[in-house]
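Below, each chain spelled out in residue letters.
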Amino acid sequence: MALLDVENLTIRYAGSASPAVENLSFALARGESLGIVGESGSGKTQAALAIMGLLPANAKISGSVRFDDAELIGAGAAVLNQYRARRIAMVFQDPMAALNPYVRIGDQLRRILLEHKLCAADEASARTLLMLKKVGLPDPERQYRAFPHQLSGGMRQRVMIGAALLGEPDVLIADEPTTALDVTVQAQILYLLRQLRAETKAALLLITHDLGVIAGNCERMFVMDRGEMLEEGTTRQVFATPDSDKMRALLTNAPTLSAIGMSGALPEGGDPVLDISELSVSFSEGRLRGRERLLAVRPISLTIQKAETVAVVGESGSGKTSLARAIVGLIPIDSGRVTFLGKQLPAAVSRRRHDSRRDLQMVFQDPLASLNPAMRVSSIVGEPLRVHESGRKNHAALVEAMLEQVGLAPELSQRYPHELSGGQAQRVAIARALILKPKVVICDEAVAALDGTVRSEILLLLQAAQQRTGLSIIFITHDLAVVRQISHRVLVMYMGRLCELAANNALFGRPRHPYTRALLNAVPSPDPNAEPANAPLPGEVSSLLRPPAGCPFHPRCQHAVGACSASVPEPAAYGGTIVACHRATELDLRY
Amino acid sequence: MLRYAFARILGAIPTLLLVIAIAFLMVHAAPGGPFDSERVLPPDIKENIERAYHLDETLPQQFYRYIKGVVRGDLGPSYRYRDFSVSELIAGAIPVTMRIGALAILLALIVGISAGLIAALRRNTVLDRLVTGIAMIGISVPVFVFAPLMVLVFAVTLKWLPASYTGSDGADRLLLPVIALAMPQIAFIARLTRASLIDVMNSDYVRTAKAQGLKTLSIVRYHAFRPAMLPLISYLGPAFAAVLTGSVVVEHVFGVPGVGRFLITASANRDYTLVLGITVFYAAMVVFLNLVVDLLYAFVDPRVRTR
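Chains as they are written, first to last, in our numbering: chain G, 10 to 600; chain V, 5 to 311.
Be a bit skeptical, because a hint or two may be false.
If the Cβ cut is set under 7 Å, some of the chain V residues that face chain G in the computed set are [claimed, not checked]: (1) 77; (2) 78; (3) 209; (4) 211; (5) 212; (6) 214; (7) 216; (8) 217; (9) 218; (10) 222; (11) 226; (12) 227; (13) 230; (14) 231; (15) 306; (16) 307.
I should point out that these hints are in silico values taken from the structure, not numbers from a laboratory.
Just so you know, even glycine gets a beta-carbon here, dropped at the ideal spot from N, CA and C.
Let the sequences and hints guide you as you build the complete structure.
This is how it looks when you write it as structure tokens:
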């Protein structure tokens with residue numbers, strides 16, 4: 010007997026030709042874990058919101074959602090509120106947006122207990138505190154009184170999970186619960202979910218685009234695409250023998266570290282194109298109560314050769330984006346040198362010569378935010394030509410050729426950015442960066458916002474441009490699978506410092522820094538037979554305003570010894586790898 | 005927080021100087037002088053008077069003298085009310101202006117917020133359309149039209165309330181001026197509250213609260229009300245300013261002996277120092293109230309307060 014029974018669920022929006030969800034039927038038994046996998050726009054979140062009764066008023070819903078034999082579709086708020094929190098609870102994707110920024114954490118949780126009279130009023134605070142402890146918040150008494158912005162992303166998601174479990178629900182719906190989090194924090198949250206589920210026996214409906222997350226956490230799964238269910242079965246079965254082309258494509262494009270990466274051998278005749286020497290960046294923080302220095306990038310050195318791709322990888326606060334912006338000259342630097350084609354560049358882009366600006370381009374993370382909404386695609390892509398090659402006349406032809414190269418249909422050239430999909434917009438951003446045939450492109454999380462298949466296409470596009478023109482690429486990312494796929498060398502950063510700089514195969518085959526090893530460990534494997542990591546890297550990144558003494562990673566490092574908190578390890582060469590770790594010679598971190 | 009307040013007060017000084025300079029120039033640019041009248045004064049007497057009031061000095065000299073006085077809190081003598089200084093005149097008129105202004109703001113907040121909340125929660129119903137419709141009228145009809153109309157209806161026709169402030173000694177004489185002054189603010193605050201609450205009710209964290217099974221009233225009370233009030237706090241600064249300027253018209257229409265009425269009579273009389281004094285006073289009030297509003301905002305929004 011299923012606890013939750015969805016039958017022929019169809020969701021339509023006025024003005025949209027195709028339904029957001031069409032004829033979706035599935036069942037969830039008590040205590041079971043079911044995964045829904047699909048790319049953005051596949052309707053998986055819509056289905057979850059329909060179950061919770063949270064769809065906007067303009068959604069037309071038909072079909073049936075039965076919970077414990079009661080019909081929830083069409084039920085009034087009073088009936089739904091009998092089920093919400095106490096029977097079904099939901100964890101949302103972005104914990105910053107999903108928590109009320111104006112209400113203290115403890116008060117938000119306590120309100121749930123009081124509203125549903127889950128305990129005596131004078132016990133609510135104690136129960137809340139207990140839950141905050143249970144979801145692993147350090148110093149729960151303090152966090153009880155904290156506001157959401159004072160917590161890290163991982164802590165906020167722990168709070169969200171705690172809020173969902175307060176009513177001891179039978180079903181927990183988690184909609185992309187770890188997508189907004191760093192990979193080591195994702196591993197912690199998934200671990201916490203598995204632990205709590207083992208304890209509470211709640212059924213789990215896990216919605217994600219990430220096959221790795223499904224593989225380690227769901228017994229059964231189904232695949233959605235454009236509002237329809239394509240196939241369903243046990244996770245092992247769907248992974249082993251996918252029926253649909255979509256699932257096969259998802260599997261092919263799934264981020265995985267076991268894929269064969271770039272050889273790591275530097276291209277023949279590689280001349281140094283860009284040399285970064287001892288670059289450091291800091292910001293001034295704080296307005297109301299005094300200023301503090303935020304040390305974003307501690308001295309980092311890196312040389313990039315012609316036709317080489319160097320990936321810079323790290324979690325939030327690692328300084329990778331600051332490094333990219335400092336190289337391009339968008340933010341002021343504290344010290345260091347950027348040498349480009351043998352000439353030292355002024356720090357600020359406004360003081361750089363025209364030719365160095367045209368040869369050093371950047372692609373930003375959010376294509377929609379970085380493209381001018383008032384300009385058409387053709388003028389966005391043509392703008393660098395108007396600035397740098399105003400003498401030439403054949404701009405239109407060049408733009409057309411460029412659009413074709415990045416795989417955009419000619420009719421898109423008259424569109425505005427908001428009329429493009431995420432993938433199309435990122436192609437436009439890349440076309441804009443490549444049209445002057447630069448020597449170096451810095452891509453800052455250029456594929457982070459894109460779905461798997463689109464992401465693969467964009468990466469191929471960049472590789473093709475590299476083979477054609479000998480382009481050098483600095484690829485800033487948090488995604489190790491992408492790193493594996495496209496980079497010759499990898500720079501791993503933690504709290505603004507270099508941890509490890511190694512050739513692709515060396516890094517993935519024989520990581521030498523404990524943080525690199527932890528990162529590799531944290532990536533969920535898209536293999537249902539693999540054991541999910543049961544001892545995730547503990548703790549979170551320390552405050553950049555008050556970095557720990559010694560090695561910045563030592564508070565979280567299981568190999569840390571006395572020396573690690575005493576002094577900052579200097580980067581040193583081991584074979585072809587540069588590592589900043591006191592124990593680099595003695596540790597064996599191989600898989 | 006204290007440092008911030010102090011910096012803001014320091015920052016207000018150039019603003020005030022600029023306001024004084026512009027007002028000073030405009031008063032002096034107006035044709036005629038304070039002692040021109042139909043009866044032409046003999047030249048030597050006029051010269052004497054002008055010397056006594058330093059009107060024979062150059063403009064920069066007069067400006068410098070005036071600023072020196074303002075710093076000491078001395079706004080100079082009135083040219084028309086010869087026995088009084090400007091500071092005394094303003095001080096005497098402040099209480100009634102303040103009382104009407106504060107009551108108008110209070111009324112606008114209570115009525116405006118309530119109407120806005122109801123409209124937002126009953127969105128697209130008759131009630132909502134009624135509120136937004138009346139608010140539209142309140143915003144578009146100017147005070148100088150609305151105030152005489154109220155006099156016509158409530159004082160002349162219905163005879164419920166006195167037409168003039170001086171027509172009664174009781175609290176009823178405050179009613180019409182306060183309502184006239186509050187009306188556009190009620191309308192604006194109602195619209196602002198409605199839009200703001202609708203916005204907050206569509207936010208992700210309200211969706212979370214719904215998912216947690218909270219009743220709509222609980223959601224408004226514990227989650228949505230405070231954030232929905234934030235735009236309103238930002239608007240309070242301009243609202244104070246609008247009430248101050250509105251008081252000029254309202255006090256004139258209802259014959260209230262307040263600061264605003266002085267401004268009009270002083271302008272007509274070319275009473276330079278009184279016009280300037282009231283301008284400086286109004287400007288200082290607006291700057292001060294805006295500072296209070298900003299501090300209030302920082303207090304209500306934890307993201308500004310706790311960094």
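Structure-based check of all given hints:
1. 77: Residue 77(V) check fails; min Cβ-Cβ to chain G is 31 Å, beyond 7 Å.
2. 78: Interface hint status for residue 78(V): violated (36 Å vs cutoff 7 Å).
3. 209: Constraint on residue 209(V) satisfied, holds at 4 Å.
4. 211: holds, 6 Å
5. 212: Result: holds, 5 Å to nearest chain G Cβ.
6. 214: holds, 6 Å
7. 216: Cβ of residue 216(V) sits 5 Å from chain G, so the hint holds.
8. 217: Status holds, d = 3 Å.
9. 218: For residue 218(V), the interface hint holds, since the closest Cβ of chain G sits about 5 Å away, which is under 7 Å.
10. 222: Nearest chain G Cβ about 6 Å off; hint holds.
11. 226: Holds. Min distance 5 Å.
12. 227: Since the shortest Cβ distance to chain G is 5 Å, the answer is holds.
13. 230: It holds, given that the least Cβ distance between residue 230(V) and chain G is near 5 Å, below 7 Å.
14. 231: holds, 5 Å
15. 306: Cβ of residue 306(V) sits 4 Å from chain G, so the hint holds.
16. 307: Check passed: Cβ of residue 307(V) comes within 5 Å of chain G, closer than 7 Å.
Comparing the model with each earlier hint shows violations of hints 1, 2; every other hint is respected.
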